[in-house]
Each structure stands twice: as C-alpha cells, then as structure tokens.
Amino acid sequence: MADMPGTIEAEKSRDIRKRWLLSLPALLIILVASTGPLLIVLVYSFLTPGAYGDVQWLPSLDGWIGVVMEKDIFDGTVSLADAHVSIFMRSVMLSLATTVLTLLVGFPTAYFIATRPEKTRELWLFLITIPFWTNLLIRTFAILEIIRNEGLINGLMLKSGLISKPIQMLFTDGAILTGMVYVYLPLMVLPLYASMEKLDFRLVEAAYDLYATPFRVLRKIIFPLVKPGVIAGSILVFIPALGAYVTPSILGGGKNMMLGNLIELQFGQGRNWPLGSALSITLMLIVMAALLVYVRNAGSQGSRHG
Amino acid sequence: MAKTFSIRRQRGFTAIAMTCFFALYLPIAVLVFYSFNAGDSLASFNGISLRWFTKAFQNQQVIDASIRSLQIASFAAVVATIAATMAALATTRTEPYRGLTLKYAFINQPLMIPEIVTAVALLIFFARVKIWTGYSGLGYLIAAHTAFCIPFAYLPIRARLENMDLTLEKAAADLYATPWNAFRYVTLPLLWPGILAGFMLAFVISLDDVVITEFVKSAGQDTLPTYMLGQIRRSITPEMNAISTLFLLLSVCVVTVFFIVNRKRV
Chain A
1 MADMPGTIEA
11 EKSRDIRKRW
21 LLSLPALLII
31 LVASTGPLLI
41 VLVYSFLTPG
51 AYGDVQWLPS
61 LDGWIGVVME
71 KDIFDGTVSL
81 ADAHVSIFMR
91 SVMLSLATTV
101 LTLLVGFPTA
111 YFIATRPEKT
121 RELWLFLITI
131 PFWTNLLIRT
141 FAILEIIRNE
151 GLINGLMLKS
161 GLISKPIQML
171 FTDGAILTGM
181 VYVYLPLMVL
191 PLYASMEKLD
201 FRLVEAAYDL
211 YATPFRVLRK
221 IIFPLVKPGV
231 IAGSILVFIP
241 ALGAYVTPSI
251 LGGGKNMMLG
261 NLIELQFGQG
271 RNWPLGSALS
281 ITLMLIVMAA
291 LLVYVRNAGS
301 QGSRHG
Chain B
1001 MAKTFSIRRQ
1011 RGFTAIAMTC
1021 FFALYLPIAV
1031 LVFYSFNAGD
1041 SLASFNGISL
1051 RWFTKAFQNQ
1061 QVIDASIRSL
1071 QIASFAAVVA
1081 TIAATMAALA
1091 TTRTEPYRGL
1101 TLKYAFINQP
1111 LMIPEIVTAV
1121 ALLIFFARVK
1131 IWTGYSGLGY
1141 LIAAHTAFCI
1151 PFAYLPIRAR
1161 LENMDLTLEK
1171 AAADLYATPW
1181 NAFRYVTLPL
1191 LWPGILAGFM
1201 LAFVISLDDV
1211 VITEFVKSAG
1221 QDTLPTYMLG
1231 QIRRSITPEM
1241 NAISTLFLLL
1251 SVCVVTVFFI
1261 VNRKRV
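Chains as they are written, first to last, in our numbering: chain A, 1 to 306; chain B, 1001 to 1266.
With the rest of the complex left out, here is chain B:
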C-alpha cells in the first residue's frame, strides 16, 4: 500500500462526505444559476440576463413583503435579544434555586413543540383577540416572532455567560461600583459578542419563518417567505429564483458575520 495507514481513516467515509457536500450545494447552485436565465422557464437556459432581478425589484408585492419581513425581524430580534439577555443573566452563574428548571423549560418551550402546533395555537388565540380588541396590525406577527426567537437568542448569550466567572463583577463591587455600573462597564462589554450572536440568530430565524407567519398573518400581511410560498403553489417563473438568490445572499452574509463574531471570542 502506497498510502500510509491512518487510524482516523474509515473506508468510503470521505467519498460519502464529498457526495454529501456536493448534493447539499448542487440544488442551490442550480437555483441561483437559473435566476440569471434570459428565457421564461426552467426547461431551458437561454443566455444570461438580469431581467428577472429587474422584474423582482419592480414587483410592488415583493417590495412590500420584503419591507414587512425586515420590520418584523428587526423588531422581534431586538425585543427577543433584550428579553433573552435578561433571562440569561437570571439563569446563569447561580446555585440552583426553586423555579430554575421551570424557567429553562419555559424559555426552551418554543423549540420543543412542532411549529405547526404553535402556529395553530396562535391562530386560535389571536383570532379571539382580534375580535375582542378590533386591532389587526403587525403586532400579532411581531409578538409571535419574538416568542419563538427568544430561545435562539438565549442560547449563545447563556453559553457566553457560563464561561464568565463573577470575579470581575465582584472586583467592581469592591471598588464601590453600583450594580448598574458594574453591569454597564464590566458585564455588558464582556457579554457583547454573545448578545450580538444571539441577535443575529434571532434575526435570521424570524426572517426565515414560514409556518407561524402563514397562520398568524391577516390579509395583506404577507412576509417574503409567505409570499414566496403562495407563488410556488401557483406558478413558477425565474423571478422566484431571483428573489431566492437575493434572500440567500442576505442569509449567507448574516451567517458569515455570525461565524466571525463567534470565532473571535475564542
């Protein structure tokens, strides 16, 4: 055997892994490729053009849905990150106390229940609230998104906090810093990467959501994903590919930043 024997090698694993990576990216590559199609369909590729991107940018429904998506995601992610940061401060670096497990269960609850069940539950609940209050704005979507974003924002913040001991805060207290100042000048700067990561996770999760949004939205409240779902069910033109490509680009950017932020903390 020419190859040196490696204890880490398992026969065929590399081949499967390569196939796996290839299979993961091929459909996405095809999707992106066809968004540059000059022709009308996916059946044939008739040269490169940006016409479907232009068309997407001129489509008022797409623009409205995108703006709505960004509004909801920003709002939900900010509120969820603040709530999650507070909750993380309250549930880490302590001896177990009564109710701690309950808090964990509560915060992680949205992760445990299938999304469709939560979606149905919110549909029922908000239908009632809409009748009682007469309000049918974006508030419902924002509330729903905030709730399922909290566990995602909580994860990296908690992880970060658990790696920080209380010594620095105690030192600050010894030097007569008020609890608020100790938090503001010691805890917060150290915790910042975790908060940023949590915010980005929450933002992406909110931006991507289809199921809960589909059930909670009132008429005329399509977000970009629910608009796309509706279109995919009707008829598909390369415009869909163009929108998807732009959406993918945004996700990749956020994930890349997330990766870099997470790496720096090591």
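Bound conformation, chain A alone:
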C-alpha cells in the first residue's frame, strides 16, 4: 500500500472506490428485492390483465383508467367508479383521523414521559417501546378480542344486562379507526418524545415570569419548539396508516376496505394485476407527496432553529 506514492487525489478516489465496494451488497440486495420490483409494477400498470391473473404483454391504459373510472361491461360507457372513490376517501379520512387522534393522545403522553425524572423516564419509555416492537398482527388481534360480538365489551354488557343483544362494533369504520390508533400510537409518541426531551424549560420559565397562562405556554412556547417532532410523528403514522392492510382486513372485514385491501383484491379474486399495479403506484405517489411536505417542513424548521 505504502509503495504507491499517490497524491491526495488518488488516495481519495481509492477511498471512494472502497466505499462503493463496501456498500455494494446492501445496494444490490435492495435493488433486487425491493426497488427493482417497484419499477416492474410501473410497467405492469400499463399492460392488459391475463385471464388467470398475471398479464398479457399488450400495452393498455385500462389499469390506470380503472383507478377512478369504471367501464360498463354492456355498453362500454365510462363513469366514475364510486366504489374506488369511496375507498380512496375512506383511506385518506381514516388515516387523517388516526393521525389526529394519535397526536391528541400522544402529545400529552410524550410530554409526561419527557418531564419525568431521569431515572423513571427510561421505564416509561420502555413501556411505549414494547408495543412498538410487538407484532402488529397480535395487537390487532387483541383489539378484535375486545370489540367483537363475543368479545370483552359485549360480553360484559350482556352479562350485566345493559344490552340484550351484542352491539355490532366489528367490521365498521370505527373498528378500523380504533385499531389503527391503538397500533400506530407508539409511532407518534417516540418522535414526539425525542423532540420534547431536548426542550429548554428555561424558555417556559421565562414565559411564566411574563405572566403567561399554562395554556398559552403550551401553545406559544412548547408547541412551536416541538413542531419538528409533531410533523415527524404525523408522517410516521399517516404513511403506514394509508397503506394499512392487516388492521383493516381483520377489523373492517370485506365491506369496509381500505386501499391496501383493494390492491390485494386485484391480485387475488379480482385477477386484474394492471389495475392493482396502478393502484399501488397511486398509493406510492400519495405517500411520496406526504414525504415531500415533510422534507420541506423539516428543512425550513432546521434553518429557523439552527
């Protein structure tokens, strides 16, 4: 090595080449088993569905048209696909509602953890982290057990004579919302906590010295300072909620579908892979738009607070 009397430039380019070699395995694996296939989805969205799933290699825009429109099979007229539009709306509304609710519950919780003494803080944080790392399917199942007709709530109310027959809670939008708030709550609390932990309470003290009320302190001091955490948490909840598959399929049943279930349907019984592909790309675009908003916000926040 030392016998190569390379200049600093040569040294540098050798270092960079070494760094490319080192990162090659990770890049290749992700390219083959993640990014590459995404490009294939894009191609598939412009093809014609095969009779038994898969595709025929005939270019067609029907997949994309099918995202929001539907073709009448008898006279070929095209109209707005109400079913798809309502699933889109439901997905966006439920995801937004999940984001807002997790924020309303998560904000005070993160604040509570951040204001504990050092010693106990770790324990509280640990309690939030455990659900975060336990299986999402199991947590959804836990909610299912509570709200289904033979579940805990109905069981208790029937026994106590409050109701004579079970209230249908499962397979409703409310059930999906409950499940998603429950499942995604830790994703909101953790980034909120991360930014609250750094909160400078001297600013809060200064505000109180100037006769601010606690609510005003919250609104004018604390909230603006932890806003990056609020945005990060909202994005972290909104994105998986929008693409949710497990929670709506268990708690929403076949009728209350979200986008993830609609996509799955096209690759299963629907046998319309191009439509499923077009829907997937659409979902991806919405997510990317949300991420872009995040990046821009995070950028401007960063420059303001140094």
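These are computed hints drawn from the structure, not numbers from a lab. Since the structure is predicted, the reported quantities are computational estimates derived from the model, not experimental observations. Hints are supplied without guarantee of correctness; some may be wrong.
[Unchecked claim] If the Cβ cut is set under 10 Å, some of the chain A residues that face chain B in the computed set are:
no., residue
1, Ser-23
2, Leu-38
3, Ile-40
4, Phe-46
5, Pro-108
6, Ile-167
7, Met-169
8, Val-246
Even glycine gets a Cβ: it sits at the ideal position worked out from N, Cα and C.
Given chain A's structure and the hints, the job is docking chain B onto it.
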C-alpha cells in the same frame, strides 16, 4: 393551593398519559389472560388451565410455521446485518462524495414505500422468476426479508459509527496495523453494540412481518404470523391467544435485551 407550582406541569396531561398507558396494555393483558382459559371461547372464563398451550405445542402446523419463521428471521437478520454494517462503514465518517445521497436513498427505500406496494411488487417479480428458474423454495422469502431488514439494521450501526471518530483507527495504522487488523481489533469491538442492536432489530422485524410474507410465500410456506392471520380470518379459539402469548414473550425478551445493550453504550 397545596401543590407546589411546577413549570413543567400541564393540566390533564398526566391523566391522559395514564389513560394512554392503560389503554395500550389492557387489550394485551386481556389477550394473555384468556390464553389461560379452560373454556372453549372468549365469551366466558372457566378457570385457569394450560390446555390451549398444550394444544398449540401439539399442532404440527404451528410448529412448522414457527420453525420456518425462525429460519427466515435468523438467515435474513444475519445477512442484513453484515450488509448493513458494510454499508454503514461506507457511508459514515467521510466527506460527502458523489453518490452518497443516492446510497442513503437506496438503503432507506424500503422504509419509505408502503409495505403493501413492496409486497405486490415482489409478488409480480418472484412469480416471473419462479417460472424462469423453477425454484420455489424459501429463498424468495429470505431475499425479501433481508431487503427490508437492511434499513433497520443500518440505523443503530450508523448511529454508533457516527459517534466514533477515526483517531483510534489512525493510531492503529500508525503502528503498522494492516487495514484488516485495524478493523478487526479496533473498529469491530467498538462497533459491536451497534451491530448487536441492528441484528436484534432486524430479527424482530423479520419475525413480525405479515404483509410481504403473505404475498411472497408459496403454498405451504406459512410463517407464524401468516398462519395466525389465516386462522383469525376463519375461527378463533383460545389456542390463538396461547400462540400470541408465547410470541409476545419472545418479542419482549428481545426488546429487553435490545434496551439493555443500547443503554450500556452510553
């Protein structure tokens, strides 16, 4: 007011936080509680018994699915951790160079795209590959799991590396250590907690995965989560609770170890 005024206090926040913790753990507690039910359903609790655990342990499908889950998770987590460690070494402690941002984007890509989209993409892609090669083993699941585990393994390793400066490695080089020896005896021991944390994250993430596995698996390749999903959709007996309880126990163990490893490094 008897209470001393605290600038940190916000009215009602503690109550909400307590409700939140309670609500987070109540469903899990109920789930675990009913796994010890002697009766047949969740409608009533008929005394404590371990019969559903016994039943789960005798269920060949559950055993097969668990073994498959562990195989995939171990394999994927090991490969992902090695790849992520190399990638972390290649992307930290350097001046920005051309392609660095691209690398970040690539490594984090699986985190940005909704899982269902990746699942669909892999279904399409692997369906083709299966036809071309005729191979339909666990390799597809392992490849898919490895890919989405890499960003999770990468996170703690990168964080750890960024807190290490190059002084020690440079000192080793000054003392005529070969690059490999410097890595082996200086970098690796210091980086070890990060690698371990990354491995555990990757392992848990792989073990928990439902969506991608559900789409990629061939017939007879159920992992424990996809087996459970199938059962939940059909009929539910407390056996499901027993399996969930055991699964939870495993997750809690891994998370606890993760927490301890992470804490020691401070």
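Results for each hint:
Here the hint on A:Ser-23 is kept, as its CB sits about 4 Å from the closest CB of chain B, short of 10 Å. Taking 10 Å as the C-beta contact cut-off toward chain B, the hint placing A:Leu-38 at the interface holds, the least distance being around 5 Å. A hinted interface residue such as A:Ile-40 counts as satisfied when its beta carbon comes closer than 10 Å to some beta carbon of chain B; here the least separation is about 5 Å, so the hint holds. The interface hint given for A:Phe-46 is violated, since its Cβ lies 13 Å from the closest Cβ of chain B, which is over the 10 Å cut-off.
Given hint, A:Pro-108 at the interface with chain B, holds; its Cβ is 4 Å from that chain's nearest Cβ, closer than 10 Å. Interface hint at A:Ile-167: violated, since its Cβ lies 15 Å from the closest Cβ of chain B, which is beyond the 10 Å cut-off. Hint status for A:Met-169 relative to chain B: violated, with the closest Cβ pair at about 14 Å, above 10 Å. Checking A:Val-246 against chain B by beta carbon gives a least distance of about 5 Å; that is within 10 Å, so the hint holds.
Going down the numbered hints, you'll see the structure goes against 4, 6, 7, while the others check out.
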